[in-house]
Amino acid sequence: MSLMNNLINGTDFDADSLNALQKVTLRAVVMSFLFFGLVAIEGMIMRLVSTGPANPLPEMFNHPAHYFSIMTAHPIVGIFGSTYQLVFAAFMFLVPFLTKKPLYSIKLANAVWLLITIGTALAWLAAFVWAYGPLYTLYWPLPADTEQFKVVGGIVFIVGVALIMIGTLGFIYNIYATIFQRVGVHKNKTTKELLISGFGIDGMLNLWHKLTGKPPYSKEPALALPVVAIFRGTVDTFLDALVILGAGILVLVYLIFDASGHPLNVAAIDALLYKNFFWWGLDLVADGLVLIYVAGSWYLLATLITGQKLFMENVARAALMLELLVSWMVWSHHLLADQGQPEMMKLISGEMVTAFELLTQGLALFITLVTLWKARPLKMTPALAYLLGGLIGFGLAVPAAIIQADMGMNRILHNTQWIIMAHVHIALIVGLYMTLYSALYVLWPIVTNNTTLYSKKLTWIHYWLYLIGGVGMGAFGGMAGLDGMLRRHLYINGEFNTWMILAAIAGSMILIAWVIFLLNIVLSVGIKGLIGIFMPAKDPTASYGIEPEAVAEEHKA
Amino acid sequence: MTFASSIELLKFHNTAYTIYALMIISIIAWFGYNLTRKEKAKSVVRIPFYTYIGFLVAMGVGHHIFTYNTIPWVSEDIMRHEIKADAEYTFEIAKHKWIGLPKKITVQCGQKIRFNVRSRDLVYGFGLFRQDGSLVTQMQVNPGTDVNGILESNDLLWTFNHNGVFNLTSTEYSGPEQYSEDGKKDLMLVKNFVEVVGCQEGGAK
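Chain order of the listed sequences is A and B.
The first sequence finishes on residue 557 if you use the numbering used here, and the numbering steps up by one all the way, no holes.
The second sequence finishes on residue 1205 if you use the numbering used here, and the numbering steps up by one all the way, no holes.
To be clear, the hints were calculated from the coordinates, so they are not data collected in a lab.
Here the structure is a predicted model, which means the values were calculated and not measured.
Check the hints yourself; a few may be wrong.
[Unchecked claim] Pairs of lysine-lysine residues, derived as DSS-like cross-links and limited to a Cα-Cα distance of at most 30 angstroms, are as follows: (1) A:LYS219 / A:LYS192; (2) B:LYS1185 / B:LYS1104; (3) B:LYS1084 / B:LYS1104; (4) A:LYS374 / B:LYS1040; (5) B:LYS1011 / B:LYS1038; (6) B:LYS1040 / B:LYS1104; (7) A:LYS150 / B:LYS1185; (8) B:LYS1040 / A:LYS309; (9) B:LYS1103 / B:LYS1191; (10) A:LYS107 / A:LYS214; (11) B:LYS1038 / A:LYS309; (12) A:LYS538 / A:LYS374; (13) B:LYS1011 / B:LYS1112; (14) B:LYS1038 / A:LYS379; (15) A:LYS379 / B:LYS1040; (16) B:LYS1011 / A:LYS150; (17) A:LYS150 / A:LYS187; (18) B:LYS1011 / B:LYS1191; (19) A:LYS150 / B:LYS1184; (20) A:LYS528 / A:LYS457; (21) A:LYS187 / A:LYS107; (22) A:LYS456 / A:LYS107; (23) B:LYS1084 / A:LYS457; (24) A:LYS456 / B:LYS1038; (25) A:LYS214 / A:LYS374; (26) A:LYS192 / A:LYS374; (27) B:LYS1103 / B:LYS1040; (28) A:LYS456 / B:LYS1040; (29) A:LYS374 / A:LYS456; (30) A:LYS150 / B:LYS1097; (31) A:LYS189 / A:LYS309; (32) A:LYS219 / A:LYS309; (33) B:LYS1097 / B:LYS1185; (34) A:LYS374 / B:LYS1191; (35) B:LYS1040 / B:LYS1097; (36) A:LYS538 / A:LYS107; (37) A:LYS100 / A:LYS189; (38) B:LYS1097 / B:LYS1084; (39) A:LYS187 / A:LYS538.
Based on the provided sequences and hints, a complete structural model is requested.
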């Protein structure tokens, strides 16, 4: 009876008490976790297919058109539908929270989650209904290959991705408009001061002044460090959106001309040049905004959890700037197996500049750990445990990629399961998502007005299943890569089935963890509460007034 | 120390990364445990900040220096246009089919072979695999023509130092038509495409 009551009414969640900012944040969070479930199911389907003929799935999942359409939808749903939504939701809440200013536009924030949700759904439908399957890499001219794919599928897919990117541009506008609003603590700040702080130039000048024995350039920077990380990461988010939109328009033009009976010559576009352009943009996600946003989130979480200032804050500010510059120059590590790519680009961009990511991410890890260490003893709250999980994730994933970003190693690891499992999946599932779960548990009382979580036990079960499943799946998949298993290849005869069975077991732990997490949340907010989140807010306030320092009290032993 | 084949390199990589992975997980777990303890934790080792930064830089740069000096195909790949191959094979790919492919290539141990592969339509890959499925070598095969409209070549120079019979397939996804409709057959797979003979058991002549 109590369970049923919780299912309908939750614990003590009151959706009517939420203001507009809280509601728009939670709407995106709900959509993000629904998409996470979808992406976990897709992932499990692909894992099961790879286990060989004994897999319990209907035979249609073995068909290449079906299999690769799932593989095409999978990263779109995972990266944009789930991760982007969750990150954007967190940041559209955090920037007003940290700057103590209202969000520039609640309407725009609503448009962002709606556009990304609809866009993701369209891209998924293009794969599901029309089996459109050029994969997320969209290597030219495959997305415009109408002999293999239906034109309508391609158009729906590209329109979907374009909507996601338009939503992304909406997020970017909202963030910068909020940061540059001259209200509250920034009432007397000039745009120049905010820009200097946003790009971390004040941190660099502080370091320089310290070295030359001068007084600090700025004792109190205009923007808090996590806002600086959001500011910088969003530069990459913007550039990436432009590149993906540009590629989308190109594909769309070719598909429309094809549909009109006047196909254009695909050879007019140089495939290698296109690869460079596309990877430059796409890599701004993987090696730009993700790393910068994650570093910023670690700094924020470490300061919120400990209630203390960040260790070596000026170095952290300067390192974020370095990370931004590095992220613009590393794309060639995706092209080390392309023999037409100039050797100097492989060497400088693909190897040397890419190696800097070890430095920038290692620095972020160090600063976060020392900040936590200086504040001990701390209570092992879920927020702290997930943060440590996130550190493990990137501690494993970044070196796995640096190893492959090498002309010698790449020859035998390129396009294998090594990079997609040991690097990408561990970075996303363990590194990024555990950081986001940490943020979720820190922000939960603030965003839900202190709603009691249904079960702490379920939280910890989710934690261990997710951590072990995430690391396990990445590790077993990575081992298969070392044995020669390709990442974009169909194996249905059980060629690598030992690794794939182990990876599927670990993958199923992630899926079960998601069900447990969802159950815990639904039993906390109730179905009524869930519906209430999507109802218009009675309180139109677009800010949240709790001081960040108050959050730290929760975590002190 | 030199890695004569990808097998040796992969084994080394597997061991080194596994040790590293266990180490980083243990460090964070130790850290997490000590964060909650009231007693001051005893430092196992004190690492000054700049030593740590120096270590990261050394690992990032040193890794490439190490591979350049231990993996023979790195310098060979960079200098491949200056190196005379013992034999050269040129073929094309169109609509997921190899065109002009020799039925079988027999290579004497230590020979340098240049593969020139051209694509008429999509991005493909060229990969040689051992019978156990492990990768010998690979490259991407991009389509494209030069200013005169002649198909551009993707070239790979490779020295074969171990006996073996290798299969060929595309290492890059180029659409579902690479496979039979039921997914059971890779239509671009060429079994026993390269055979290397004349090497001693441990490799080389």
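Practice problem: Provide an ascending list of the numbers of those earlier hints which the structure does not satisfy. | Solution: 5, 6, 10, 12, 16, 17, 22, 23, 26, 27, 34 and 35
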